[in-house]
Amino acid sequence: MYEEARETDPKKYIAGAAGDWELVVGLEVHAQISSKSKLFSGASAEYGGEPNDHVSIVDAAMPGMLPVINEFCVRQAVKTGLGLKAQINLRSVFDRKNYFYPDLPQGYQISQFKDPIVGPGTVLLDMKDGARVEIGIERLHMEQDAGKSIHDQHPSKTYVDLNRSGVALMEIVSLPDIRSSEEARAYVTKLRSILRYLGTCDGNMEEGSMRADVNVSVRRPGDPFGTRCEIKNVNSIRYVGQAIEYEARRQIDILEEGGSIDQETRLFDPKSGKTRAMRSKEEAHDYRYFPDPDLLPLEFTREWVDEIAAELPELPDEKRARLMSDYGLSAYDAGVLVADQASSAYFEKVATGRNAKLAVNWVMGDLSASANEKNVGLDQVGISPDQLGGLIDLIEDKTISGKIAKDVFEILLAEGGDPRTIVEDKGLKQVTDTGAIEAAVDEVIAANPDKVAEVREKPRMAGWFVGQVMKATGGKANPKAVNDILKAKLGL
Amino acid sequence: MSKLSDLTIAGMRDGLAGKSFSATELAESSITAIEAARDLNAFVTEAPEKALEMARTSDARIAKGEAGPLEGIPLGIKDLYCTEGTLTTASSHILDGFVPGYESTVTANLWGDGAVMLGKLACDEFAMGSSNETSYYGNVINPWRNRGSNKPLVPGGSSGGSSAAVAARLCPGATATDTGGSIRQPAAFTGTVGIKPTYGRCSRWGIAAFASSLDQAGPITRTVRDAAIMLRSMAGHDPKDSTSVDIALPDFEAALTGDIRGMKIGIPKEYRMDGMKAEIETLWTQGIGWLKDAGAEIIDISLPHTKYALPAYYIVANAEASSNLARYDGVKYGLREQGVDITELYEKTRAAGFGAEVKRRILMGTYVLSAGYYDAYYLRAQKVRTLIKRDFEQVFETIDTILTPSTPTAAFAAGEKTDPIDMYLNDIFTVTVNMSGLPAISIPAGLSSEGTPLGLQLIGKAFDEETLFRVGGVLEEAAGFDAAPENWWA
Amino acid sequence: MSFDSATVQKIARLARIAISDDEAEKLQGELSAILGWVEMLNEVDVEGVAPMTSVTPMTLKKRRDEVTDGGYAEKVTANAPESDEHFFVVPKVVE
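Protein sequences, first through last, are from chains A, B and C.
In terms of the numbering used here, the first sequence opens at residue 76 and continues consecutively.
In terms of the numbering used here, the second sequence opens at residue 44 and continues consecutively.
In terms of the numbering used here, the third sequence opens at residue 4 and continues consecutively.
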C-alpha cells in the first residue's frame, strides 16, 4: 500500500469555485536505452531510417523467431537504477503483455511485470523557490518499444513501419508524489539530466527517446486520491506541464458541477492545448501477462552490479553539492548548471584556477543571458571557456574594468578573437596611472563647481563624479583609483 | 530390398560411400515413391526439383571427397520448419502462401551436413493434435491397416506426415517436433523410431512455435541407429535460441554398444493405468523381460504426480500457444480476410485461418491467462510441473532409464475420436517428459491384435540421449520388429 | 467450472477470433468439459512449491550490442498481404 510521502504546501492548491483542490500526479516515463542494436534482435536501434529498414525477421515476428537479450541494454538499465539510488533486483523476469495492434507484430510486448529489474528509488527536485522535493520511484523495468502506425499517409489506410519495434525502453514509474505541473516539469527535466549524465538515454524528446504517460487526479486537500486519467505519450516537457494544467482544470470543473471522473486514457493535443479521450474505446484491458517462455529469468551477481556502480560518473546531485562547496555557487545556480552536463563542464573549465565568484557571475550572468536569448546551451553561445576565462583573467589582473569587460564580451560574441588581443588592439586597457586620473578628476571638479558644493552636503553624489571621470577617460580609468582620488580631492 | 528408397539412412550412407549408387539416384527413387504415395497425403509440398538439385550438389561433393555426415540422404521436413524459398504452412490455412526468407537452424544444420530435402510433410495444424486430422490440407493416412480392413487409420500426430512417410519408405528419415508426444506417439502408431531429445538440445529457431517451453525438434526414422545419426546432425547449440544449451554434442551412434549389463531400468507403477488394454500390458512385460535378459536390473519406481501431467500440460501448452499464435493476424504474412476496420480484419482472418482444434486451444489458453484466473490455472500448473520434474529427478538418482509403453492404444481409425479429452489422453505416457524437459524415445516393439504397430518408450536423464540409444538399440534388437505395412497405395 | 456463451464470446474477442453463435454454443460445452477435467489439479498440494521457470538448469543467454541484422525491408514485407513502399498497410486505425 502506498503511503503518502509528503504533505502539499497549501500555496500549491488550485483554487476552485468553492474551496481549494489538490493536484496529484504520477509519471511513467518511457526512456529509450542508448544502444546500437535492439533489445532482443540485432537490428539497428538508430532513430529514423527508411520504412522497415531497421527491422530483422525477429522484429517482424516471422514464424519461429526467438528473442536473445542485448547484454548492454541490461547493463544500461542497472546503471540507470543505480543513478536513481534504487534497489537493483538480481533476479527479474520478462513477461509477455498480450494485445493486438498493427504496430505490435508479435501480438505481445516483452516487458517486465511482476519482477522488474529495478525497485524503489528516488529523484530529488530543486525548485526555483529553493524547496527540495523528493519524488519516489516505484520501479524501472525493461521492455520493447512498438512500431509506428502512420495514419496520414492514406485516406483510408494506416501504414505500419516497424523500425522502432523492439527498441529497448526503460519504463520509469514514479509514485504519485508530484503535486504541481511545475514539479512534473522539474521531475522530467531532472530525470532526463540523470539519464544523460549516465549515458543511458539521450533524452531527445523530439525523436521520441523520452515520452511520458501522465496520471492526473484531483482531490480536496486531505481526501483520499481521486479517480485518475492517464494522458498517453506526451513528448515534451512543456506539454507535460500544459497537459496537467488542462487536465486538472477539466477534472475540477466536472467535479464542481457534481459530476464524476471516468478512469480513462486520454491524448494531449499540443495545438489546442487540450486533452481528449482516446476514440478507440478499448474494452477493459486484459493483457494476460505471463513469463515469456522463450527467455529465462534475468539473473546477475551483486559483484557485477558493484562493478557498474564503481564506474558511475558524477551525477547531478553530487555535482551540484560539489559546485556549491568548491565555487560558492548558490543552490539554485548550481541546480541550473548541473541540469545540463555541457553547461556545468563549461562552467568548471572557466572557474578552474580563477576567481570563482567572477566565474559564477559571468557564466550565470552575461553568458546565460546570451544563451537564453539564442535558446542554446552555454557551450553553444559562441564563446569558448578559454575566451571567457581569458576575459576574466583581464579583469583579475586589472587590465580592464568590469565595465570594459562587458564591451569586450560583446566583441567576442560578435567577432570572436582573443580577449587580450582585442583589449590591446582597441586600446581598452585600464588607466592606472594616477597622474592621468588626477588630471581628469581636476578637470571634472573645475567644470562643475555647483556639483562640488552639492556633494559636500550629500556625499552620495560622489557616484556622479565617478561617472564623469570614467566618461572622460573612456571608461578605462581604474574605478578604485578614481574613487580614492575623488574622495581625497573633494574632502569626503 | 527392391528399391533404393527402402534403404535406411545407414544403408544409404554405406551405399553412397561404396559408390553403389549416387545421391541423384537415391533422390529419384524417393521422388518416385512419393509420387506413387499421394493417397497417403503425407506431403503438403513435394520439392522434387529442389531435391534433385541438392542431390547433384551432394554427388559433386562426394566426388571431391568432401561428403558431410548426411551427404546425399533424402529427408522429409515437417511443415512446421521454415525453409527458405519453399512454402511453409504449419498445415494451417492462416499461413497461405507463406514463403520464408530464412531457413530454420535445424534444417540448415541438416543441409550443412549434406542432406537433401524431398519436401514438406503434413502435420496437425500448428502441431496441435494426436491424429493428423486437424491439418488444413486434409488427413494423413497411416500406411498400416488393421488386419483384413481397408478402413483408414490415423498415423498419429502431430508429426503424422513424418511418421507416415518414413513408415511407407518415402524417405528414410524425417524431421518432427514433439510438444506433448508429437514425435513418439506417431512413431508408435507407424512402427517407426522417434526421439524427443532433451529440451534445449535442438534449436527452436525457425520452427513455428506451438508451446515454447515444451517444443523440441527430433527425428523419426526406421531404426535406432538412423535416429542417432540424424539427431547428431540436427542438434547443437544455437546462439539465436535463448533456450538452446551450449554443451558438447556426443556422437550418438557410438552409444549403440549393445551392452546394457548392470544398467538400472525403472518401471513406474503409475503408468499401469486402470483399464489399460491387455496387449499394451503384455508388450510392456515383454520389454521388461528383454532388458532383463540383456543383463539390466529392473527396479520398480514411483512417479506420484504422473496423472496430473496431462491436465497441467493442457493449461501450460495452450496458454503459451494462445500467445505464440497471436502473430498470425493477417498483417505481415499469410491469409488476410478484409474487414471494415482492423479489429474486424483480425477477427475474420483468424476465424477463417485457424481450424477448430487450434481455436479451441487458443480460447482455452486465453481464458487461463485472463485476469483473475492466472493463479488458479497457469501458476498452479507450473507448480505441478515442478513436482512432476522433481519426481523424475528423485528416481534418476538411482536408475539410468525408465521403460513405459509409448501409447495407451494402437492407431485408431480416422474420425473415431471426436471428444477432445478422449483425444488428449493419447499423450498420457508421453507428456510427462515434455513437462520435465527430459529426452525419450519410442521404439517399435510389437503388433497389436489388429496387426498394427505398438511402441515402447524409454525416458532418460536430461542430456543423456546416449543411454536411450544404447538401451533402445538393445530393445530394438530383442524385439526384432521387422514388419512393414503392405504397400496398398502404390 | 462451466462456461456461458457470453464468456466464450468475451474470450474470443480477446483472442480476436470471430465465432458464430453456433460455434460459441459448441465451444461452451467443450471448454467447460476441458476445464472440468483440469480441475483435478486442485487435488495437488502446491504449498511452497516454486513454479517452473526453466526445465533446463541454465542462465539466460545474452548477446553483444552489435548491429548484425536488418537492412532488408524487401524481405520483411515480401509476404505481406498488403504493402506500399515497404510499409505494411492495414485499414485505418483510429486512436
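Hints are computed from structural coordinates only; laboratory data are not their basis.
All of these numbers come straight from a predicted model, not from anything done at the bench.
Take the hints with a grain of salt, since some may be wrong.
With a Cα cut of at most 20 Å, we get these calculated EDC-like pairs of lysine to aspartate or glutamate [said to hold, decoys possible]:
1. B/Lys432 - C/Glu88
2. B/Lys460 - C/Glu33
3. C/Lys64 - A/Asp508
4. A/Lys551 - A/Asp508
5. C/Lys64 - B/Asp343
6. C/Lys13 - A/Asp508
7. B/Lys283 - C/Glu69
8. B/Lys391 - C/Glu88
9. B/Lys391 - C/Glu26
10. C/Lys65 - B/Asp384
11. A/Lys232 - C/Glu88
12. B/Lys283 - A/Glu146
13. C/Lys64 - A/Glu374
14. A/Lys346 - A/Asp227
15. C/Lys13 - B/Asp384
16. B/Lys350 - C/Glu46
17. C/Lys65 - A/Asp361
18. A/Lys562 - A/Asp525
19. B/Lys391 - C/Glu85
Taking CB as the label site, the calculated pair distances span [said to hold, decoys possible]:
20. B/Lys107 - A/Lys189: 35 to 45 Å
21. A/Lys307 - B/Asp82: 54 to 64 Å
22. C/Glu46 - B/Gly332: 27 to 37 Å
23. A/Phe300 - C/Gly39: 33 to 43 Å
Every residue, glycine too, gets a C-beta built ideally from N, C-alpha and C.
Here is how each hint holds up against the structure:
1. Among the hinted pairs, B/Lys432 with C/Glu88 is inconsistent with the structure: their alpha-carbon atoms are about 51 Å apart, more than 20 Å.
2. Under the criterion of a C-alpha separation no larger than 20 Å, the hint pairing B/Lys460 with C/Glu33 is consistent with the structure, at around 14 Å.
3. Our distance criterion of 20 Å between C-alpha atoms is broken by C/Lys64 and A/Asp508, whose separation comes to about 77 Å.
4. Distance check on the hinted pair: A/Lys551 and A/Asp508 sit about 11 Å apart at the alpha-carbon level, within 20 Å; holds.
5. Taken as a hint, the C/Lys64 and B/Asp343 pair is broken in the structure, with Cα atoms around 39 Å apart against an allowance of 20 Å.
6. Pair hint C/Lys13 plus A/Asp508 does not hold up; C-alpha atoms about 94 Å apart against a cutoff of 20 Å.
7. Using a Cα cut-off of 20 Å, the hinted pair B/Lys283 and C/Glu69 holds, with the two alpha carbons roughly 14 Å apart.
8. For the given pair, B/Lys391 sits about 26 Å from C/Glu88 by alpha-carbon distance, which is inconsistent with the 20 Å threshold.
9. At roughly 14 Å between alpha-carbon atoms, B/Lys391 and C/Glu26 fall within 20 Å of each other, so this suggested pair holds.
10. For the hint linking C/Lys65 to B/Asp384, the alpha-carbon distance of about 39 Å lies beyond 20 Å, and the restraint is violated.
11. Note on A/Lys232 and C/Glu88: the hinted pairing holds, with a Cα-Cα distance of about 14 Å set against a maximum of 20 Å.
12. For the hint pairing B/Lys283 with A/Glu146, the CA-to-CA distance comes to about 14 Å; that is within 20 Å, so the pair holds.
13. Taking the CA atoms of C/Lys64 and A/Glu374, the gap is near 10 Å; set against the 20 Å cutoff, the hint holds.
14. Distance hint between A/Lys346 and A/Asp227 is fulfilled; the C-alpha atoms sit about 17 Å from each other, no more than 20 Å.
15. Restraint check for C/Lys13 and B/Asp384: the C-alpha separation of about 19 Å stays at or below 20 Å, so the hint holds.
16. For the suggested pair B/Lys350 and C/Glu46, the alpha carbons sit about 11 Å apart, so the restraint of at most 20 Å is met.
17. For the hint pairing C/Lys65 with A/Asp361, the CA-to-CA distance comes to about 30 Å; that exceeds 20 Å, so the pair is violated.
18. Between A/Lys562 and A/Asp525 the alpha-carbon distance is near 17 Å, which keeps this suggested pair within the 20 Å criterion.
19. At most 20 Å may separate the alpha-carbon atoms for a hinted pair to count; B/Lys391 and C/Glu85 meet this at roughly 16 Å.
20. Between B/Lys107 and A/Lys189 the Cβ separation comes to about 57 Å, which falls outside the hinted range of 35 to 45 Å.
21. Distance hint check: the CB atoms of A/Lys307 and B/Asp82 are about 58 Å apart, consistent with the given range 54 to 64 Å.
22. The hinted window of 27 to 37 Å between C/Glu46 and B/Gly332 holds, with their beta carbons roughly 35 Å apart.
23. The given range of 33 to 43 Å is respected by A/Phe300 and C/Gly39, whose C-beta atoms sit roughly 42 Å from each other.
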